[in-house]
Amino acid sequence: MNQRDIVLKINGAEHPIQVQPRRTLVDAIRDDCGLTGTHIGCEHGACGACTVLVDGVPVRSCLMFAVQAEGCEIRTVEGLACAGQLNPLQQSFIEHHALQCGFCTPGFLMLATGLLEQNRAISDEELLDALSSNLCRCTGYQNILDAVKAVRNALAADQTA
Amino acid sequence: MNMRESQNMTHTVAVARSEGPSKASVIGRSVTRLEDGPLVRGDGSFAADINFAYQIHMRVVRSQIAHGRIIKIDIDEALAQPGVIAVWTHADVAEVPPIPFRATTLKGLEPYCQHILARDRVRYVGEPIAVIFATDPYLAEDASDLVWPEIEPLPVLLDAFEEPGEFAPGLSTEPAVIRKGYGDVDAAFAGAHAIVELDLAIGRHSGVPLECRGAVARYDAGRDVLEMHGAAKKSHWNRDEMAKMLGRSPSGFHLYEGHVGGGFGVRGELYPEDVLVCLAALRLRRPIKWIEDRREHLIATNHSRQQRHLIKAAIDAEGHLLAIHDEFFHDQGAYVRTHGPRVADMAAGLLLGPYRVPAYRALGHYRLTNKTGCGTYRSPGRYETTFVRERLMDAIAKRIGVDPVTLRRRNLIKSSEMPYARPLDALGVDVILDSGDYAGLLDKTLMRVNWDQLNTNLAARRAEGELVGVGLAMFVEKSGLGPSDGVRLTVDVTGSIQLVTGAASVGQGMETVLAQICAEELGVKYSVIRVLHGRTDLIEFGNGAHASRVTVMSGSATQIAAQKIRRKALEAGAIILKIPVDELELVEGHVRQLSHPQGPSVSLGDIAKDLHPSSRTLAGREPGLSAEGWFFSEHMNYPYGIHVAQVNIDKGTGEVKVERYLVAYDVGLAVNPMLIKGQLVGGLAQGLGGALYEEFTYDQEGQPLSTTLADYLMVTAQEMPQVDVMITEDAPSPLNPLGMKGAGEGGTNGVGAAVAAAVDNALNAPGFVTRLPIKPMTIHRHLRETKYKVVPHA
Chain A
1337 MNQRDIVLKI NGAEHPIQVQ PRRTLVDAIR DDCGLTGTHI GCEHGACGAC
1387 TVLVDGVPVR SCLMFAVQAE GCEIRTVEGL ACAGQLNPLQ QSFIEHHALQ
1437 CGFCTPGFLM LATGLLEQNR AISDEELLDA LSSNLCRCTG YQNILDAVKA
1487 VRNALAADQT A
Chain B
18 MNMRESQNMT HTVAVARSEG PSKASVIGRS VTRLEDGPLV RGDGSFAADI
68 NFAYQIHMRV VRSQIAHGRI IKIDIDEALA QPGVIAVWTH ADVAEVPPIP
118 FRATTLKGLE PYCQHILARD RVRYVGEPIA VIFATDPYLA EDASDLVWPE
168 IEPLPVLLDA FEEPGEFAPG LSTEPAVIRK GYGDVDAAFA GAHAIVELDL
218 AIGRHSGVPL ECRGAVARYD AGRDVLEMHG AAKKSHWNRD EMAKMLGRSP
268 SGFHLYEGHV GGGFGVRGEL YPEDVLVCLA ALRLRRPIKW IEDRREHLIA
318 TNHSRQQRHL IKAAIDAEGH LLAIHDEFFH DQGAYVRTHG PRVADMAAGL
368 LLGPYRVPAY RALGHYRLTN KTGCGTYRSP GRYETTFVRE RLMDAIAKRI
418 GVDPVTLRRR NLIKSSEMPY ARPLDALGVD VILDSGDYAG LLDKTLMRVN
468 WDQLNTNLAA RRAEGELVGV GLAMFVEKSG LGPSDGVRLT VDVTGSIQLV
518 TGAASVGQGM ETVLAQICAE ELGVKYSVIR VLHGRTDLIE FGNGAHASRV
568 TVMSGSATQI AAQKIRRKAL EAGAIILKIP VDELELVEGH VRQLSHPQGP
618 SVSLGDIAKD LHPSSRTLAG REPGLSAEGW FFSEHMNYPY GIHVAQVNID
668 KGTGEVKVER YLVAYDVGLA VNPMLIKGQL VGGLAQGLGG ALYEEFTYDQ
718 EGQPLSTTLA DYLMVTAQEM PQVDVMITED APSPLNPLGM KGAGEGGTNG
768 VGAAVAAAVD NALNAPGFVT RLPIKPMTIH RHLRETKYKV VPHA
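Protein chains in written order, with my numbering: chain A, 1337 to 1497; chain B, 18 to 811.
The set of hints was computed from the structure by calculation and includes no laboratory data.
Heads up, the beta-carbon is just placed ideally off N, CA and C, and yes, glycines get one too.
Any given hint might turn out to be false.
Anything over 12 Å on all C-beta distances counts as not near chain A; from chain B, calculated [what the hints assert, rightly or not]:
(1) V202
(2) L263
(3) R284
(4) G499
(5) K694
(6) G699
(7) K792
Derived Cβ-Cβ restraints for the label pairs, each shown as a range [claimed, not checked]:
(8) B:K261 x A:S1459: 55 to 65 Å
(9) A:V1393 x B:E179: 50 to 60 Å
(10) B:F69 x A:G1348: 22 to 32 Å
(11) B:E483 x A:E1453: 35 to 45 Å
(12) A:E1453 x B:L611: 29 to 39 Å
Make the full structure from the sequences, and use the hints.
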């Protein structure tokens, strides 16, 4: 099968890679660009473990081909911490015990990042609705919801301060 | 150090600690986890994250027929595909013995074990019949579509309740019947005031971790060492058994556990794919990588739970249990897998829960069917039998005309009777309930949920036409399975502390818990302790992570090792500081004089230097500030709990919504309440899945119908109720110095039972629920048949 030369821009860095048109974005991110923080849980868009941001929008990277993401700004979990400092969402997940095995965590972090960037004042109902699109098998979700709500509330407090 | 007070729980730490410097005790505190940093940064090392240069990718070709005779498997076309290096069928691996199992006392199961590639017959859809090795995973998958099996279909057996069939010529699909019991059951039934009988069933569920399985093997011919990465749960047992299968010495064969994306009983068992990657690494002399996809996971990785129970109780006029007789049918799937008959064994051995039962007989038909093989899943044998037993208690209460709480209270074993030996065994050890105050926990639970007021409120809502109800289930868990666990603890010359354990981490937070126990003894911050696990190359023995054993067994071993280090450090400090040892203390990583905390001190790192083998001051002492700790236990211990579920049923669809839930659970000693709460709530989510949503179903030909996460419905954030967790420490275990009991399975155990009782209550239909999961269509049918005429409760 023919190979295509493409450049994926992930967390601000350019990755020139050669892929078949059928190669999924998540496989390219993980195996061609070496960013294994994005995980594969089902390969049919049901679990959300592979959620990344493509031009700011949460996307199941198992349902997108790598060639479709050329020219897009892709963000993965590796891009959240800044100069070794965890960002507020990562810190909040730790403090709220929002992870156990941690396999779904990158997907939830990217989904929540996208949600809060789109709407800093997202309501509890909207948050529950959106976060229920990703699966976690360890935590029972309560602490994940609490962790995201804490960051949202802190953002709101910042805005009013 | 980051700390967070646990919310929503009555938690009091009032347990005697071993003598130590615990000015600011770290045991009992909800400290954040050591594990979390790498996991939130995406720096984890899960199976699929492991890569070696020149690796080959393995793809498994699986049977699409549930039962059939293999005539021929044509691999020529697959072998000719680009990138394909080898294709194997059974003939290529015929010398490898089938996968063994961990024995109980039951005999005769060996002929029922699974070969790593099907021989002669296929027995379930998903059974490996061939493997492709190719340079790229996409190419391997392409080629797998070009393997052409010719299989003559045979009749399928899908229900373990049906008459057994033929597994192979001369072998029945019922390899064994498990028999346990004591007392004169027949006399009790003959003289009973009444007999209550039920026919109950539990569906097929499984752990379904978010990470599918994976294994990466490589053979280093230069050192003659075979490695398998992506291991979990039982690294040492799996290594030892695979070494036997492949004819290697265990010392030249190592398993490496990295991060593990959830265990729940199914992951880290020994499966055909593990053996195949190791064998291929030896033969093809290149690293071999295999990553399971989700469809494979749902048809190849262990299933669990499926049982049908015909249970009856003999009772007196007050509802006291006189005897229980339970005949059950355990669906093991196509093969005896690594757990052997353990789930059925535990079902028979632990069915009685917290109640006094003068006579008991269990008859467990352990049967094979043409479905995926089964093993354990969180609270194995207990989720099932708690449903069965608690349904029985509710039925007895109805029969006698008392409320379910009163009926239970009449039959509870009293705390004054502890330890309470049942004339039974489970997992090969005698069932001796070590400690427990069941009635005390019942009192606390009723107060916590304001039981009488709650029932009044729900009755008022029902009178308004809502279908709401509450249900309660009591249970006894088990934890701390022996026989032994060892750890090795080392302090290096910088004062860094490394704990190597033969236990495993499946995401439950064991690194943090062991570090807390270690820190408590050594007077150091828990965050300076590095915990290594699941590595056969670093420690000779290990029993892994299962049966809620790690905190109890490895935790106790850690305490012992840390006490040895502490003693060594104090003795060395006495020489260095020239102060008698009984005047010294170890605080914040320094040995100093009790009476002069500001006076001279020496750090653990400097003591390690002093004890270095090349130290001039060693003076004949044993070198190294290190120690091994071993803990042995002949018996399990028995935590216990109560679940209360409040449900609301949609009249239009029959859907059950769980409005509120309480998990009350006694752990003896809560090392880290936040992590225990996490275990209980997470376990509840899985139990809820089994009670209402999750089920592996098959068509009449044995084709699996739950092959994606869109068919196998796991709980999402939407379905989770508001959960209250009450952790108590009323009954520390006398079987370990800290009094700990396990918490991994108590959130799961009682969910099916509590939700079933709540649904009955909401429908005002006692005994309505006889089967898990409770599906909307079953309730919808009931509502239609009763024409929505739900009679308000009296």
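These are the hints, each one checked on the structure:
no., hint, result
1, V202, "holds (40 Å)"
2, L263, "holds (29 Å)"
3, R284, "violated (10 Å)"
4, G499, "holds (25 Å)"
5, K694, "violated (8 Å)"
6, G699, "violated (5 Å)"
7, K792, "holds (20 Å)"
8, B:K261 x A:S1459: 55 to 65 Å, "holds (59 Å)"
9, A:V1393 x B:E179: 50 to 60 Å, "holds (52 Å)"
10, B:F69 x A:G1348: 22 to 32 Å, "holds (29 Å)"
11, B:E483 x A:E1453: 35 to 45 Å, "holds (40 Å)"
12, A:E1453 x B:L611: 29 to 39 Å, "violated (56 Å)"
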